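Undergrad: Can you make the complete structure from the sequences, with help from the hints?
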Amino acid sequence: MKQLRALAVAVAIFVLTPLRPAHAQISPNAVWSCEFTNSPTDCGLYLEAAASTRAALVGPGRDGPTAVQLTTQPGDINIAGSGSNDRADLVLARSSTYCNQGQDEWWAHSLMFPPGYVPPPVASVWNWGAVFDFHNSSPGGGQPNFMVYATPTGLELHMAGGANTVNRPSDPGYYSIAIGPITKNVWYDFVYHVKWSSGSDGLFQAWLNGKQVMNYSGPNLYVGQSCYLKIANYHTELGVPVSVVHSRVVMAHTQADVQ
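So this note's numbering is basically just the index in the sequence shown, starting at one, shifted up by 193.
Just so you know, these hints were derived from the structure itself, not from any lab.
Note that the structure is predicted; figures quoted are calculated from it, not measured.
Beta-carbon label-pair distances, calculated as ranges: (1) G274 with V416: 19 to 29 Å; (2) A286 with A249: 14 to 24 Å; (3) G309 with T234: 20 to 30 Å; (4) S245 with S277: 16 to 26 Å.
We treat Cβ as the ideally placed atom computed from N, Cα and C, and that holds for glycine.
TA: Shown next, in the form of structure tokens:
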């Protein structure tokens with residue numbers, strides 16, 4: 194991930210009606226959702242972190258009383274394959290209901306960088322942070338199929354997929370686009386429309402706070418793999434605590450059911 198700095202120009206496919214930011218009522222037609230009402234591991238999630246205290250309920254949430262704050266402490270390394278990087282992630286296990294070849298899905302989620310958030314600093318090495326991703330299903334190397342990616346220059350969206358595992362920006366199947374600066378203490382409301390595919394018929398569209406910020410067409414799975422959700426706080430070791438707040442994650446089959 195340290196080399197993921199290349200940017201690509203978004204290619205327009207088609208533009209849907211602009212999306213409104215998330216609102217409080219979760220549709221009864223949602224396939225899966227989580228508002229972290231009782232516990233960080235509500236909704237079938239499990240924690241990858243150095244200790245259970247790295248995930249805590251905070252309030253208020255995006256719409257309701259609670260959200261989840263994921264915090265890393267210096268030295269939170271070697272967590273679920275993180276190597277020398279710090280990790281505190283919530284994971285939704287692989288399932289036949291989402292993130293598989295040919296499935297068409299809508300997702301929404303909200304995140305906040307709290308006042309004490311430490312963004313990746315400019316340094317002699319490339320610092321980065323992944324705060325939300327769909328991770329490829331096979332263990333080992335390779336970039337996630339999609340991630341919201343924090344850099345010293347702002348937020349980016351990254352894609353990877355196709356016949357070969359993507360490790361570097363120069364590899365076939367890699368794509369990224371910058372979406373703006375990191376602003377603390379405000380909600381980022383994301384909505385995604387995705388058709389999962391390891392081929393050219395893959396689609397990934399993204400809206401941020403009602404404005405379309407990405408229109409991607411192409412592979413978004415690796416051949417023979419599926420993917421799974423990670424609500425994340427994964428970053429280069431910075432020597433200080435780092436926190437990210439997540440709220441209201443929803444998956445459905447229509448645009449209306451995630452708004």
